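J.: Fit chain B to the given chain A structure using the hints.
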Amino acid sequence: MLTNKELDQFIICKKCNTLHRKIPLHQGGKALCSKCDTLIYRRDDNMIEKKLALVITTIISLVIAFQFTIISININGLERSLSLVSLFAVLVEHQQYLVGLMFLFLIVLFPLMMLSSMFFVLLFIKIKRYGYAVKRLLTLLAHIEHWNMLDIFFISLLVAMVKLFDYARIEIGISFVAFILTLGLELIITKNISFDELWRKYEKSYGDDYDREE
Amino acid sequence: MSCGENMKRVMETIMIEKSKFIRCHTCEAVNYENQEKELFCRRCHSTIHQPLYISYHRTWAFLITAIILYIPANLYPILVTKQFGVQTNSTILGGIIHLWEVGSYPIALIILVASVFVPILKFIFITYLLLSTKYNVNSSRVDKYKLFYITEAIGPWSMIDVFVVIILSVLIHFSGVQVFPGAGATSFALMVFFTMLSALSFDTKLIKKGN
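Going down the list, the protein sequences come from chains A and B.
Letter 88 of the first sequence, counting from 1, is numbered 88 in the numbering used here, and no numbers are missing.
Throughout, the numbering used here is defined as the position within the second sequence, counted from one, plus 1000.
Careful, some of the hints might be misleading.
[What the hints assert, rightly or not] Heads up, simulated DSBU-like pairs for lysine-lysine below, C-alpha to C-alpha not over 30 Å straight-line:
id, chain 1, residue 1, chain 2, residue 2
1, B, K1146, A, K191
2, A, K14, B, K1008
3, B, K1082, A, K14
4, A, K5, B, K1205
5, A, K201, A, K14
6, B, K1146, A, K30
7, B, K1205, A, K35
8, A, K35, B, K1008
9, B, K1020, A, K204
10, B, K1146, A, K35
11, B, K1082, A, K163
12, A, K15, A, K5
13, A, K14, B, K1146
For the record, the hints were derived by calculation from the structure and aren't laboratory data.
Keep in mind the model is a prediction, meaning the values are calculated, not measured.
Just chain A, same shape as in the assembly (with noise of 0.2 Å):
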């Protein structure tokens, strides 16, 4: 048997489960799988600093995104336009309770709980503290990661305004802007966190059991 140290030398592909041994990296530096070339790891030696700066810009896009107008359009005089609020007072007028609750959690609460997670991990392994919140925010992270639907969300408001270009006259939004923001931020931070990383960092900082043989 082996100890955690020496398992934690160690790294399975997560598309392929092939077994991998961790070898040294220069700064930057990608480290591929063998079978199916899926980026395994890298090196990154400021990764904290750097995706804290990206999830305060993303937070704050993302509530600009959900706080005003995405796009509006016009047929012949008529008016609408969609923003979150707009869009949960007629799922409610018209008693579509269901797929409002989906929608509220989806696009709202989760990426909303991602990124603060991420925020307070992110900044309590940077201060060396509260162990226990980030062990707690890292599980809840790798749970919810699923959920979060914004992407497809914008996709589909492109479908929508495809839909609509042939007789309404189309105004583009702050939020849309802020939408597109909030994705590239979201697509950098997503490709370039490794959750792996983030525990081996808690595992040293706070070390609760580490050298404990099994």
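T.: Just chain B now, with coordinates in the frame of chain A:
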């Protein structure tokens, strides 16, 4: 023990125990595998897997729920248009055919792929993965892992149709003309929800057991 010697011992142990490791879904740590019993991660202490039969049956249950919900999702209207008191209903397939006839082929293709092909493909993939754990099917384990990965990745994209309907119902909301989601939208959203649950509850260890 010197550093090099220690490494050699680690490598030898790994070679002997090659197939006995498992990846934690929550924190990605490498863990020792424990056949049939409940297993907790050494790093984050979350459950890596419950006894395998629980995962197997739970996946079946969610999958069957999703397949049942797929029927009303296609039969009931997903979009209801009210034009000066006259109500027209359109189902998913009806909407796609209408879009194709009007000439917006790219949109018709996106909706066709997202709301017809993706759910059906997911049903087929999960059923295949589940059946191949029970019966010996000749296919490589790596391919099955990839298939599962694809199933997980394409899942949420079926929600496009529901979101489009919601956005349209907000924008086209005048006194004369109104568009709103019908009963099909609710059952379709629930269907996507249950297929995602089914994919999440599928344990990749079942693939290993099947081979």
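J.: Compare the structure with each hint and give your call.
T.: So, going through the hints one by one against the coordinates:
1. B:K1146 / A:K191: Measuring from Cα to Cα gives roughly 19 Å; hence the hint holds.
2. A:K14 / B:K1008: holds, 26 Å
3. B:K1082 / A:K14: Status violated; Cα separation ~48 Å.
4. A:K5 / B:K1205: holds, 24 Å
5. A:K201 / A:K14: holds, 20 Å
6. B:K1146 / A:K30: holds, 21 Å
7. B:K1205 / A:K35: holds, 19 Å
8. A:K35 / B:K1008: holds, 23 Å
9. B:K1020 / A:K204: holds, 26 Å
10. B:K1146 / A:K35: holds, 11 Å
11. B:K1082 / A:K163: Distance ~18 Å between K1082 of chain B and K163 of chain A Cα, so the pair holds.
12. A:K15 / A:K5: Holds, at roughly 24 Å.
13. A:K14 / B:K1146: holds, 9 Å
The structure fails hint 3 only (numbered hints given earlier).
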